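There are 4 protein chains.
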Amino acid sequence: MSSRFGGIWPAMLTPLGEDGRVALTVLEQLTELFVSQGLGGLYVTGSTGQWPLFTVEERCLVVERVIRSAAGRIPVMVHVGAAATADAVTLARHAERAGAHAVSAVTPIYYAHSADAVFEYYREIGSATSLPFFVYHLSSVSPIAIGSREYTQRLLAVSNIAGMKITDRDLYTFGLIKAFTGDRLQLLSGADEVMCQAILCGAQGAIGTFYNLWGPACQRARAACAAGDVNAGQAFMLRFQCAIAAVLSSGSIWTFLRAAMRLKYGLEIGKPRPPLGAAECPWTDEDVRQLIEQVDSNP
Amino acid sequence: MSSRFGGIWPAMLTPLGEDGRVALTVLEQLTELFVSQGLGGLYVTGSTGQWPLFTVEERCLVVERVIRSAAGRIPVMVHVGAAATADAVTLARHAERAGAHAVSAVTPIYYAHSADAVFEYYREIGSATSLPFFVYHLSSVSPIAIGSREYTQRLLAVSNIAGMKITDRDLYTFGLIKAFTGDRLQLLSGADEVMCQAILCGAQGAIGTFYNLWGPACQRARAACAAGDVNAGQAFMLRFQCAIAAVLSSGSIWTFLRAAMRLKYGLEIGKPRPPLGAAECPWTDEDVRQLIEQVDSNP
Amino acid sequence: MSSRFGGIWPAMLTPLGEDGRVALTVLEQLTELFVSQGLGGLYVTGSTGQWPLFTVEERCLVVERVIRSAAGRIPVMVHVGAAATADAVTLARHAERAGAHAVSAVTPIYYAHSADAVFEYYREIGSATSLPFFVYHLSSVSPIAIGSREYTQRLLAVSNIAGMKITDRDLYTFGLIKAFTGDRLQLLSGADEVMCQAILCGAQGAIGTFYNLWGPACQRARAACAAGDVNAGQAFMLRFQCAIAAVLSSGSIWTFLRAAMRLKYGLEIGKPRPPLGAAECPWTDEDVRQLIEQVDSNP
Amino acid sequence: MSSRFGGIWPAMLTPLGEDGRVALTVLEQLTELFVSQGLGGLYVTGSTGQWPLFTVEERCLVVERVIRSAAGRIPVMVHVGAAATADAVTLARHAERAGAHAVSAVTPIYYAHSADAVFEYYREIGSATSLPFFVYHLSSVSPIAIGSREYTQRLLAVSNIAGMKITDRDLYTFGLIKAFTGDRLQLLSGADEVMCQAILCGAQGAIGTFYNLWGPACQRARAACAAGDVNAGQAFMLRFQCAIAAVLSSGSIWTFLRAAMRLKYGLEIGKPRPPLGAAECPWTDEDVRQLIEQVDSNP
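As given, the protein sequences belong to chains P, V, L and B, one line each in that order. Read in order, the letters of the first sequence correspond to residues 1 to 299 in the numbering used here. Read in order, the letters of the second sequence correspond to residues 1001 to 1299 in the numbering used here. Read in order, the letters of the third sequence correspond to residues 2001 to 2299 in the numbering used here. Read in order, the letters of the fourth sequence correspond to residues 3001 to 3299 in the numbering used here.
Because the hints were derived from the structure by calculation, they are not lab data. Mixed in with the good hints, there may be bad ones.
Stated by the list, open to error - Pair by pair, the computed Cβ-Cβ distance ranges are:
#, chain 1, residue 1, chain 2, residue 2, range
1, B, 3086, L, 2264, 50 to 58 Å
2, B, 3248, L, 2036, 47 to 55 Å
3, P, 156, V, 1246, 42 to 50 Å
4, V, 1144, B, 3268, 41 to 49 Å
5, V, 1157, P, 153, 50 to 58 Å
6, B, 3229, P, 294, 51 to 59 Å
7, B, 3086, V, 1246, 45 to 53 Å
8, V, 1157, P, 284, 27 to 35 Å
9, V, 1153, P, 282, 47 to 55 Å
10, P, 282, V, 1018, 24 to 32 Å
11, B, 3229, V, 1153, 52 to 60 Å
12, L, 2036, V, 1140, 43 to 51 Å
13, P, 18, V, 1055, 19 to 27 Å
14, V, 1018, P, 285, 53 to 61 Å
Note that the coordinates shown come from a computational prediction; the quantities given were computed from them, not determined experimentally. Ideal Cβ placement from N, Cα and C applies to all residues, glycine included.
Construct all of the structure, not just a fragment, from the sequences and the given hints.
This is the structure:
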């Protein structure tokens, strides 16, 4: 199995222009930024990339542009999950044609789907291409429980299954999946809040929102921790969790991300599509700068 | 305020053909059926109508056809909720042009939206038309809590707000909203399982999945209960809850609904779009018939 | 099966003196009050009666005094649930000797007990006496799910099982248990907030905190509703739910109950044992009076 | 502040004899075992020690015997939490007289206590002695949320507050408390399942059930991980989580612990008080041995 799906992967923001359409130039700049930072890979059109707010066509456009810009310099995993299985399959096939390195799909949303229905959805997506397939478990929306031996056995039977992106602050389940599957699955942690902790559960990489902003610092901290500098890992995680808490408790996460990407990188990612970002309060540049530095500093 | 939003409203199934496209002829027949049954109204493209699986264009097509078929003989409320506020606004305006009597929208989905973001979404949809607007609270997916005085005050400030569809088995919250808003809101219950119980919380009608199949029986039972025949209401609800439990615990709700609509009404509603209905087990005609009769019988 | 376990049963407050000990004289007065009000029965040393704060000996003392005062004029059901099965069995046997009409026990607390462990606990308590046994399901603390056919079958196999006190605002489960057990179990609702609604699920009576204060009004409303005056039931429930919400949201429920029992009945129930009642804010007599009247009034 | 509250602390089992009374001799042997293993300290009469099943007198007896046996060779933290604040205060004072090194208390149980009530309970216990006080947050029973700055500020104002035992698989909250309090609180992790992961959140030690059985292996793994051997930490945690899952999913945890302590150490801890351990299935010695070795092995 390929070992390339490791390190820090930003769950890429999808930049939008004033007109609400995808800002393709900024998308290319963002891709270039992450390549230049030497990050592990790009996770495109995921939750942070606002997939539920885009049409299938828009998602294809974003995927094509990122892959073309990346030009093989960084692996690209395309999130193809959708409300309809057929759309997910369409997106998976498109991703393969466009040159993606892997596809990923969140569990079906909104309804109380049975485990059987969820696995049928996985089966169809996994077998739609020859790409490695990563199931995306998002605990806040998933209709089914994971972490049992029965679950992992069913998962290993999915065509092209390569791993999981597990977004859950509870790491017991994460470790059990690793323990039950060993080297047969590549696990990436999706909860930024416990990025380094997940290493101890067998996470070989991390995919998340805040790596758009703090990718290099997170990459350094994660690498240091994985290499044995537990003190550095602890010190970083306390700063990082504090910063995340400040952003989340503000209720204005999208406004923060926009201001921070502009201040730190000079990139204008624009406003997200409502209801995302709706009715948020402004962040002062000073507060944004302080928070950026709080995480980036090496105390 | 209009008093027309009462009685039993099926959350209309959206019939699909073998090709997966909307079966417009069956949709018309279904509309005709509900008109002939003298039901209270039609709730179109809601959760039962599979809204998350359809494009905006498909939803418009369904709405137009139902309203045209209904031809003013029964009120039509159009669910316009969508992942993107802009789509919900587009759908609301379309519903008004198409001749709908009211619009409704579920709270924004998937993300952990703040109350401010939710109300901004309501504000945009409510003010997009001059139609009565009914907020659709679906407890299983809602990111915010309802039932406080603050919530109802904010709700009453939404443009064109006319009421709520409240889908929650916990009726304490329902009653509090009624108590806090009195005659200023029209409340409809969305949890079939507590249809008659919700009368005692001020529900003036009910919208739900199982009224596609058992509309007349539910309408009789609800009317009898509301008129004082508590024994009839109790006897019916015990039979009805039992039947719902049998369907839900089978894990094959869509297969049941399809077989039941065919057996009872000769209408072919087809398979839902996957992942809905995926990996379900078959129901025997005999089991379906028994369950239909269990609810329809007058013991 | 006896039909005596119906109507409105206060989950009796346990009055305490300045010294923190049970105020036996007030306990007798309270018993006399409920007898004079013609309530359905008394539920002694339940959650409202602060059972977790008392020793086994104190609980026996309370039970003896209430039964002696009641003198057969009103049925007495004794809550014998305890952290240790052995204590519950001791309390059940004592209740029988003291002349109780029934025993009841909450599911085991604190730990994540398995269904098997819960039913073994029930079995031991049920078979400890020849009294009718009522399982007390308190959804907020119960470690196991109820409402399946398997659950009700196991329940019906418990020695002397006579019924359940179900404290859950979700009435779907309540109705299923009634539907699955028919006349073999007597069901009493424990969530004051849905007192009348539970009639439609087959509740033959109600046990709860607020019947200490509003017993007669609740009894009238419940009887009227059960007899077919649905409008009266609805009007009462909206007032009652509002009053409950005012008390709960104040965060000072024990202070309210004490002030209200003093103002309305001249009975001094004292302060509960901390941590109950700790750090509560005072209620003004005026606010208490208004709330009392809000429920008692016949608009 | 003392630095002694680190390392691996078994949440001590309370051995019982055939007669159901505390087996004082085994209790002494258990104490001796943990001293000989060089563990970090002893947490007495906690959840694993079955505190809810014992009287105040029995708890005092256990505490006295452990402290006397420990004879200063290992620190002893006494859990004094109780349903009644007064009992907790009595137990705290007794613990101080008996020579305990610290006291600890779980949040008040059973009722939906307000944050104000919880802090008043902490205040009374903390100020009852001059010992360091450790709040015990058990997420499965706690009525209040932790992890906000407001929470930690209130906590730091509690008399003699020295730290927390945090039992929660979600480590985000844990890290935030550390980040908000720095060196002012000593944090110990209570979820065995994430023992090493909690190091990265600032845990300076761990208190838990399974350290009765696997104390030395856990101590070695934890120390290795804290010193930078992340691979060893990961490998151990995967084995440890697997073993915990095997025990928990068996539904027979008490039977396992009893058999395992007998097989590995020749200590007879007896059966717990029902409902704990009720209706459990037997473990074969072979299965128990395999599981013991699975964790103890150095692969």
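Going down the list of hints, with the structure as the test:
1. 3086/B / 2264/L: 50 to 58 Å: Check failed, 29 Å falls outside 50 to 58 Å.
2. 3248/B / 2036/L: 47 to 55 Å: holds, 53 Å
3. 156/P / 1246/V: 42 to 50 Å: This hint is violated: roughly 34 Å between Cβ atoms.
4. 1144/V / 3268/B: 41 to 49 Å: For residue 3268/B against residue 1144/V, whose Cβ atoms are near 54 Å apart, the range 41 to 49 Å is violated.
5. 1157/V / 153/P: 50 to 58 Å: holds, 53 Å
6. 3229/B / 294/P: 51 to 59 Å: violated, 29 Å
7. 3086/B / 1246/V: 45 to 53 Å: holds, 51 Å
8. 1157/V / 284/P: 27 to 35 Å: holds, 29 Å
9. 1153/V / 282/P: 47 to 55 Å: violated, 25 Å
10. 282/P / 1018/V: 24 to 32 Å: violated, 53 Å
11. 3229/B / 1153/V: 52 to 60 Å: holds, 58 Å
12. 2036/L / 1140/V: 43 to 51 Å: holds, 46 Å
13. 18/P / 1055/V: 19 to 27 Å: holds, 26 Å
14. 1018/V / 285/P: 53 to 61 Å: 58 Å Cβ-Cβ, so the 53 to 61 Å window holds.
Checked against the numbered hints listed earlier, the structure breaks hints 1, 3, 4, 6, 9 and 10; every other hint is satisfied.
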